[in-house]
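*Asks:* Produce the entire structure from the sequences given, and follow the hints as far as they go.
When we follow this note's numbering, the leftmost residue of the sequence shown carries the number 9, and every step to the right adds one.
Please note: incorrect hints may appear among the correct ones.
[To be verified] Okay, derived cross-link-like pairs now, SDA-like style, lysine to any residue, Cα gap no bigger than 25 Å in a straight line:
#, residue 1, residue 2
1, K113, K131
2, K131, L119
3, K139, R42
4, K52, N133
5, K103, D118
6, K52, G134
7, K103, Q151
8, K124, K103
9, K113, T56
10, K116, K162
11, K66, K162
12, K52, N132
13, K131, A99
For the record, the hints were derived by calculation from the structure and aren't laboratory data.
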Amino acid sequence: MVKMMSSRDIFQRMSAVQYRMEKGLQYLQYVNGRAVNNEDDLCKSFVTWWDRIFPDRKFDLIHIPNEGKRSAIYGKRLKDMGLRAGSPDYAVFNKGQFIGWIEVKFGKNDLSLDQKLFCQYCKNNGIRYAKVYTFKEFTDTLQAWGIYDPNRDKVPIFKSLNGCQISRAEAEKLFKKPGLNINNGSAEPSPAQKALPPLKDTKDA
Numbered sequence: 009m010v011k012m013m014s015s016r017d018i019f020q021r022m023s024a025v026q027y028r029m030e031k032g033l034q035y036l037q038y039v040n041g042r043a044v045n046n047e048d049d050l051c052k053s054f055v056t057w058w059d060r061i062f063p064d065r066k067f068d069l070i071h072i073p074n075e076g077k078r079s080a081i082y083g084k085r086l087k088d089m090g091l092r093a094g095s096p097d098y099a100v101f102n103k104g105q106f107i108g109w110i111e112v113k114f115g116k117n118d119l120s121l122d123q124k125l126f127c128q129y130c131k132n133n134g135i136r137y138a139k140v141y142t143f144k145e146f147t148d149t150l151q152a153w154g155i156y157d158p159n160r161d162k163v164p165i166f167k168s169l170n171g172c173q174i175s176r177a178e179a180e181k182l183f184k185k186p187g188l189n190i191n192n193g194s195a196e197p198s199p200a201q202k203a204l205p206p207l208k209d210t211k212d213a
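*Replies:* This is the structure in structure tokens:
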């Protein structure tokens, strides 16, 4: 005989599901019209943007595949071949000249012990190193390193978005859930971005 769930049980289960959904959206970002809610997607947005901004300089941004689960045998094989624990996600170059390292984090994630050791190694040797959590931090880092100029390096497809995240109000409207902890603390447009004309509907373009 199937036991019927009480209204209280149903409410508790629905509340638990809602809590998990809200927690999953806690660090949601919106980059160039797409929702980003994990580190992998954030990295993909970096590379997609880079390849469109610098189509002839794809070799100037190189990902170091240092994450993921591997068997002990394969892991040892990679280490024997030179894979170093703590290596950052990206090596950044400027027309072939090495510039620095970028480590990508998402949400509340922070550097591991090996990553902290690598970061300290860079500081001790005067090597540029940046830890970024958002698309804007990524582009700001490239701008600070003299690689990216928002007034010069643009592609028409992004128009005036050019990397800005949407506002909290827009995100709440999109997901119909007020009070979400949208990670837009660093979404303030730069002076150059503020000077751009308002975004027009693509239908009118």
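*Asks:* Next, verify each hint and record whether it holds.
*Replies:* Hints versus structure:
1. K113 x K131: Since the Cα atoms of K113 and K131 sit roughly 19 Å apart, the hinted pair holds (cutoff 25 Å).
2. K131 x L119: holds, 15 Å
3. K139 x R42: Roughly 22 Å separates the two Cα atoms, so the pair holds.
4. K52 x N133: violated, 30 Å
5. K103 x D118: violated, 30 Å
6. K52 x G134: violated, 28 Å
7. K103 x Q151: holds, 15 Å
8. K124 x K103: Status violated; Cα separation ~28 Å.
9. K113 x T56: At roughly 18 Å apart (the allowed maximum being 25 Å), T56 and K113 satisfy the hint.
10. K116 x K162: Roughly 31 Å separates the two Cα atoms, so the pair is violated.
11. K66 x K162: holds, 16 Å
12. K52 x N132: It is violated: about 30 Å lies between the C-alpha atoms, which goes past 25 Å.
13. K131 x A99: holds, 16 Å
Checked against the numbered hints listed earlier, the structure breaks hints 4, 5, 6, 8, 10 and 12; every other hint is satisfied.
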